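Respectively, the protein sequence lines represent chains Y and G.
All residue numbers for the first sequence refer to the working numbering, where the first residue is 2 and numbers rise by one.
All residue numbers for the second sequence refer to the working numbering, where the first residue is 4 and numbers rise by one.
Read the hints as simulated data drawn from the structure, not as lab findings.
Please note that a few of the clues may not be correct.
[Claimed, not checked] Below, in silico cross-link-like pairs of lysine to any residue (SDA-like), each with a Cα-Cα straight-line distance of 20 Å or less:
hint, chain 1, residue 1, chain 2, residue 2
1, Y, K81, G, H14
2, Y, K104, G, R50
3, Y, K104, G, D55
4, Y, K13, G, A13
5, Y, K226, Y, K291
6, Y, K202, Y, E251
7, Y, K13, G, D55
8, Y, K202, G, A101
9, Y, K81, G, A19
10, Y, K81, G, A101
11, Y, K81, G, R45
12, Y, K26, Y, F372
13, Y, K81, G, H59
Nothing here was measured: the structure is a model prediction, and the numbers come from that model.
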Amino acid sequence: MTAIRLLVGTRKGAFILTSSGVRDKWEITGPLFSGWEVYHLKSSPADADRLYAAPSTGWFGQMIHRSNDGGRTWEPVGNKFVYDGVTDTHKWYDGTPHPWEFKRVWHLEPAPTDRDTVYAGVEDAALFRTRDGGQSWHEMPGLRRHRSAGSWQPGAGGLCLHTILLDPSHRGRIFVAISAAGAFRSDDAGETWTPINRGLKSRNELPDPDAEVGHCVHRIAMHPKRPNVLFMQKHWDVMRSDDAGESWHEVSGNLPTDFGFPIDVHAHEPDTIYVVPITSDSEHFPPDGKLRVYRSRSGGNEWEALTNGLPQRDCYVNVLRDAMAVDSLDPCGIYFGTSGGQVYASADAGDHWTAIVDHLPPVLSVEAQTFSRWG
Amino acid sequence: MNVVRVVLPAHLRMLAHLDCELALEVTGVVTQRSILDAVEARYPMLRGTIRDHVTHERRPLVRFFACEEDLSFDRPDAPLPEDVARGREPFLIVGAMAGG
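With the sequences and hints as input, model every part of the structure.
This is the structure in structure tokens:
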């Protein structure tokens, strides 16, 4: 029997929401890691029972936990994130040099074929990897040693590496995104990196609007069967690349605003994409108090508002960059969590929505896991 | 050998699966460093949560209290009060006050 597990990270712990493949009734487990901020948790594609979570607090720092039974029990594993070698400086908010300092893990990306290999995107921006199931973490220093790294500057949320995409068809190709440095690609398994920001324009954020680095990329998404096509929600602008990031063009089209955080791709339709427009960089809530997911079936430019089941008045929540996910069932399920603690689900690719839980702490991340369950 | 009482904050008690204060044997002079060495030896999952993995500096938002004194800014190798060393008073590891 196919089932869905939603892994929900919040400001005060994690929750696991489980349903059969029908996706009409949800069982809620949690809070796990009660009181800890859980920026992200994710399952291994190689082993459905292996989950990883990244709780942290400002007081006691970072923890990594691992489950071998689908989230019923957890054990702490390694939490030592030490930058490789001499740490140089990046730019601080005031433009002065600032030494690299580890603050937290933003995103965990388990490898597709080995349950013990996981990539971690961290603040201050760097990429780490474990090959022993989280017991030890080692920086992949090529990224932080890129010639541009000294000019990277944090956005309001910190200098965070928040997106990691592993190209399933191009061995050794990794995409990452950093706020506010931009997008980077490695074609040699993380040894060296190339900025892939050509075509991005940050008119109000950068003195040189089309600079090589410095763009506030909020999220990148890719369909695994068409990995050369990337979609990006930038600070402002929804962007598309058809050449693995070599160049980008804007596909914001008729969106009511092109500011937002998450972007995701339908599991079976590589040209169907989803965003949640937010009013502006200073007003992190939906326009007109109406929570609307926008769907494009043409890979951008033409967008339709999806509202059925979503609040259409007095709604002033936000949806963060890692808080949207799709399952792999047909029809595709899509899910997102809000800063108001709701998790919304659609079992029909966005046509109809239901709040499957209403009052969680502010949601930081949502991952959807499709797995086989006996009984 | 001294038996020292240590009280952990709620987040760390949860992490270490504890529901009460610790009683730890500490050899030699009882200091912040010797207590934290003993805590981390018995509960390895707490490494990095009270002090830095590498430098062993106290994390900025962690405080050490004992005998109604804030000892957070004392040297890590300074002897702790006799009442702590003899287990008459606990050594408190505290998350700094925060919030509005």
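Now the hints, each set against the structure:
1. Proximity of K81/Y to H14/G is assessed by CA-CA distance (about 18 Å); at most 20 Å being required, the pair is judged to hold.
2. In summary, the hint linking K104/Y to R50/G is supported, as the alpha carbons are separated by about 16 Å, within the 20 Å threshold.
3. Simply put, K104/Y and D55/G have alpha-carbon atoms about 12 Å apart, close enough for the 20 Å limit, and the pair holds.
4. For the suggested pair K13/Y and A13/G, the alpha carbons sit about 13 Å apart, so the restraint of at most 20 Å is met.
5. Restraint check for K226/Y and K291/Y: not satisfied, since their Cα atoms lie roughly 33 Å apart, outside the 20 Å limit.
6. Only pairs whose Cα atoms come within 20 Å are accepted, and K202/Y paired with E251/Y is accepted, the gap being roughly 9 Å.
7. With a CA separation close to 23 Å, the supplied pair K13/Y and D55/G exceeds the 20 Å bound.
8. A threshold of 20 Å between alpha carbons decides the hint, and for K202/Y with A101/G the separation of about 39 Å lies outside it, so the pair is violated.
9. Of the pairs offered as hints, the one joining K81/Y and A19/G holds, with about 17 Å between alpha carbons and a cut-off of 20 Å not exceeded.
10. About 25 Å separates the Cα atoms of K81/Y and A101/G, which puts this hinted pair outside 20 Å; it is violated.
11. With a C-alpha separation of about 18 Å, the suggested pair K81/Y and R45/G falls inside the 20 Å cut-off, and the hint holds.
12. Proximity of K26/Y to F372/Y is assessed by CA-CA distance (about 16 Å); at most 20 Å being required, the pair is judged to hold.
13. Taken as a hint, the K81/Y and H59/G pair is honoured in the structure, with Cα atoms around 12 Å apart against an allowance of 20 Å.
Hints 5, 7, 8, 10, counting from the list given before, are not met by this structure.
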